[in-house]
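Chemist: I would like the entire structure built from these sequences, with the hints used as guidance.
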Amino acid sequence: MDSTLFIVQLINGLQYGLLLFLIASGLTLVFGVMGILNLAHGSMFMVGAYLAWYFVQQTGSFAFSAVISAVIALLIGFLVERTLIRQLYRRNHLDQVLLTIGMIFVFNALQGLLWGNDPLGVDVPQALSASIPLAGIIEYPVYRIFVAVFCVVVAGVMYYVISKTRLGMLIRAGESNREMVECLGIDISRLYTIVFAIGVMLSAVAGVVAAPISSIVPGMGEHILITCFVVVVIGGMGSIKGAFIGALMVGLVDTFASVLVPELSSMMIYIFMAFILLLKPQGLFSS
Amino acid sequence: MLLNKRAERLFVWIFFPLALLMPMFLEQNEYYVNKLTTIMILSIFVMSLDYLVGKCGLITLGHAMFYGLGGYIFVMIAPEYEAVNFWIYTFYICAISATVAFVIGFLVLRTNGIYMIMITLAFAQMTFYYFSDSIDFGGTDGVFVYVKPETSIFGLSLFDLDNPTHFYYLCLFSLFNTLLFFKVLIRSRFGRLVDAIHENPGRTVALGYNIFIYRLVSYVVASALGAYAGYLFTLQYGFVNPSMLSWTTSGTALVMSILGGMGSIYGAILGTLVYEGLHYSLEHLTEHWLLFMGGLIILMVMVFKKGIAGFLEDLLEKRDGK
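Going down the list, the sequences are from chains A and B. The numbering of the first sequence is the working numbering, which starts it at 1 and goes up by one. The numbering of the second sequence is the working numbering, which starts it at 288 and goes up by one.
Any given hint could be a false lead.
[Said to hold, decoys possible] Label pairs and their calculated CB-CB ranges:
id : chain 1 : residue 1 : chain 2 : residue 2 : range
1  : A       : 157       : B       : 464       : 58 to 68 angstroms
2  : B       : 322       : A       : 164       : 57 to 67 angstroms
3  : B       : 570       : A       : 164       : 49 to 59 angstroms
4  : B       : 318       : A       : 187       : 53 to 63 angstroms
[Claimed, not checked] Over the 12 angstroms line for every Cβ pair with chain B, so calculated as not near, a few chain A residues:
id : residue
5  : 6
6  : 72
7  : 111
8  : 133
9  : 248
10 : 262
These are computed hints drawn from the structure, not numbers from a lab. Model, not experiment: these values are computed from the prediction. Glycine included, C-beta positions come from ideal geometry on N, C-alpha and C.
Modeler: The following block contains the structure:
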């Protein structure tokens, strides 16, 4: 592999990894704070992508479509937490698995009902449709770089919120001892609603930004869900830092595997995860 | 007494006699006989998962790996155009998949909880991609089985596998034996230790037991039975393909098992029946069956806290005024 190809793959891998982080962070946040295993998390990625497509069709503006999709996702998260997830805090993980699989079915059915099952695509927004030359010969699309930068910014904001603000303090407190937080007079159920809605929104926003660079197809949610589980398990369930490192690793492994060992490419991230788990059965950054 | 719950006795006494007579009512309708056969095969698969998850507390999302392997091992070792002996190949398939489970179990059982869910998924996904990317095994199309095995034992051939009714009885017989096997296993000393490990692993270790061995044996046994179910499925439809190995197969089996009532063993049949029954009837009623299916699953989680089996048990106990 020559150096140009290497650099392109490196950027591709990082960009994919950062996108994975956006989805995985919500998954790991919800698990870490609330102890909820949300299998329908990937469905929100799908919902985000479809919403982006729908609003771009209606309004023609990608930015507007992104904002309105995020707001809708936030509302869905709020409603789902208040009506369904709330019932399951005192139940075991298996009931959560069952409930969230039921939710996957509902989301998939609604997707088929509202938008059909044909693959769809969203155009790259005009302002970001250019390409920049990279190492002389190869052109690299600006939009992909925008996605990477956007994800880094979101990661930065999350870091700031969690380590510096009052909400972040409550999240961290809720993670380590929920009874104590309740005893201090904090309304933990409101905190849970906020965390769940934000987690869902992160996944949907990832779906929105991914829409122009991937085809929007039924089943995209399940595929990304499994990849994100790999990410959070490598990083350690519940750890945002772990999700970040895990996402970058998975992004790079997946991208380079498809170039270096194409015959094993779809297996590689699972081999990688199995390897990590055999060394560290609790993931890299488990608490 | 092997069946210790009233609901369980009631179910077994209703289900098996009814299942035994069913082909007589359905004589003219091959479609329904095949449908019920598939439900029984799935029940065996779900039951082995139920033992693993509900009884041993070993949650796996990779059980479909063995379901698929059951079929793939058969097409790997059996000659393509020659009828082999069903019973001998049952032994081969169980032995080979048990060996695979033994090796993987060694790695998988080092982890627990969510990490075990993920590492079992990882192995299943590797197998899935191995077979779906492989040219030798037909990629995503899978492999066809042209000749079904014959079932003679000591020169006596009981079942003709090309006859749907015969195949139905073979699967019913297998399901009954699987239920019996697990019931006996659970009553045995081994089963009590499995219970103890599930209840409190730390204390069982303190009592001087090597819990790893018990878990490993359970994992191997359940996996071999899962493979047997996959083998039956392959024979029924005459093909094996990677979708049998996909994580959604594991997920659906888990849903059936939770629906039936985790750890109740007979609940696996209940869960499979209800799930497949709903699937079938909703699919025929509406194009958007998935929506109702999802809604019903959500509703059932809310209503049945211990699955359908738990609900029935509570119902019967309440009636007795206990």
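Chemist: All hints, please: hold or fail.
Modeler: Checked hints:
1. A:157 / B:464: 58 to 68 angstroms: 59 angstroms, holds
2. B:322 / A:164: 57 to 67 angstroms: For residue 322 of chain B and residue 164 of chain A the Cβ distance comes to about 60 angstroms; the hint holds.
3. B:570 / A:164: 49 to 59 angstroms: 52 angstroms, holds
4. B:318 / A:187: 53 to 63 angstroms: For residue 318 of chain B and residue 187 of chain A the Cβ distance comes to about 56 angstroms; the hint holds.
5. 6: Its Cβ never comes within 12 angstroms of chain B, the nearest being 25 angstroms, so this holds.
6. 72: 19 angstroms, holds
7. 111: Non-interface label on residue 111 of chain A violated, nearest chain B Cβ at 10 angstroms vs cutoff 12 angstroms.
8. 133: 35 angstroms, holds
9. 248: Given that every Cβ of chain B is farther than 12 angstroms from that of residue 248 of chain A, nearest at about 18 angstroms, it holds.
10. 262: For residue 262 of chain A, whose nearest Cβ neighbour in chain B is about 10 angstroms away, the distance does not exceed 12 angstroms, so it is violated.
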